[in-house]
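Undergrad: 14 is the number of the first residue of the sequence shown in this note's numbering; add one for each residue after it.
Don't read these hints as lab results, they were simulated from the structure. Heads up, some of the hints might be wrong.
As the list claims (entries may be wrong) - Computed cross-link-like contacts, DSS-like style, restricted to lysine-lysine with a CA-CA straight-line distance of at most 30 Å:
#1 Lys166 to Lys62
#2 Lys241 to Lys253
#3 Lys126 to Lys166
#4 Lys114 to Lys164
#5 Lys164 to Lys186
#6 Lys126 to Lys114
#7 Lys186 to Lys114
What you are looking at is a predicted structure, and each value in this text was computed from that prediction instead of being measured.
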Amino acid sequence: PPGSEAHSYEPTPADVIAIQECSLFIYAGGENEEWATHMIQNLELDPDKAIAMLDVVEPLEEERVEGMEPERGHSHDHGKDCDHDHEDHEEYDEHVWTSPKNAALIVQAICDKLSQICPADASEFAANADRYKKELERLDGEFREVVDNGKRKTLVFADRFPVRYFTEEYGLKYYAAFPGCSAESEASPKTVAFLIDRVREENIPVVFKTELSNGRIACAVAESTGAKVLTFTSCHNLTKDEFQSGATYISLMEGNLQNLREALN
């Protein structure tokens with residue numbers, strides 16, 4: 014639901030029924046949505062009517078970069094330890110849509126699947142997909158222009174870092190308090206001090222927080238450095254106001270574009 018923490022979501026019985034009755038179910042496919050994988054494995058959900066976005070793109074493993082908070086038990090479910098199976102997606106960053114290029118691949122996969130399910134409407138699906146992919150291509154070009162014209166190539170996230178696919182796509186370096194799927198939300202003084210040092214030494218003008226974050230770490234870094242706190246949304250969820258105003262992936266990413274321009278200059 015809008016405004017809620019997506020990483021701790023568990024479907025209600027009504028949600029399960031809605032998923033089973035839908036024409037096409039689209040999900041990330043990572044550890045955070047093991048319940049969906051279990052539904053397919055238990056034949057509670059037709060795999061021909063489901064798309065795991067991680068299966069559509071080239072997945073990236075979660076990484077820990079210099080200065081990140083030491084790992085205290087990797088979990089998407091805020092406290093539950095998870096065993097890692099290398100044959101599953103548990104070790105992959107599931108925020109694949111943060112790259113507009115990946116988003117275009119996902120759009121095409123959805124189009125292809127819908128065309129299989131409803132072949133009579135295939136031409137309409139294709140036309141809609143082409144229009145949307147052109148919007149994504151425009152967005153991608155604008156991001157590349159901002160990055161190419163920027164004075165720096167480093168971002169600081171005093172928060173989780175759920176946009177690795179984005180930074181990989183555009184050749185950006187980053188420092189962050191936690192990996193994107195970390196269950197942690199409180200950074201140690203050592204981690205905060207590291208981020209403060211990076212901002213000062215590299216004259217970073219903007220410290221990012223993510224959507225729905227309390228922003229405490231970012232504010233602490235900003236207070237010590239004079240940097241500005243801005244939001245970079247991973248499009249994992251949106252606020253109730255954004256939902257009611259009709260926010261879309263494109264509009265949210267356009268907001269990221271403006272904030273990125275400020276961060277790189």
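Undergrad: Hint check: Lys114 vs Lys164, CA-CA at most 30 Å. Holds or violated?
TA: 24 Å, holds
Undergrad: Do the alpha carbons of Lys166 and Lys62 lie within 30 Å of each other, as the hint requires?
TA: Between Lys166 and Lys62 the Cα gap is close to 41 Å, so the pair fails against 30 Å, i.e. violated.
Undergrad: Taking 30 Å as the top limit, are the C-alpha atoms of Lys241 and Lys253 close enough?
TA: Since the Cα atoms of Lys241 and Lys253 sit roughly 25 Å apart, the hinted pair holds (cutoff 30 Å).
Undergrad: Is the hinted pair Lys164 and Lys186 satisfied, with a Cα-Cα distance of at most 30 Å?
TA: 13 Å, holds
Undergrad: Taken at face value, is the distance from the CA of Lys166 to the CA of Lys126 at most 30 Å?
TA: 38 Å, violated
Undergrad: Could you grab the alpha-carbon distance between Lys126 and Lys114 and see if it respects the 30 Å cut-off?
TA: 19 Å, holds
Undergrad: Given the hinted pair Lys186 and Lys114, is their Cα-Cα distance within 30 Å?
TA: 19 Å, holds
Comparing the model with each earlier hint shows violations of hints 1, 3; every other hint is respected.
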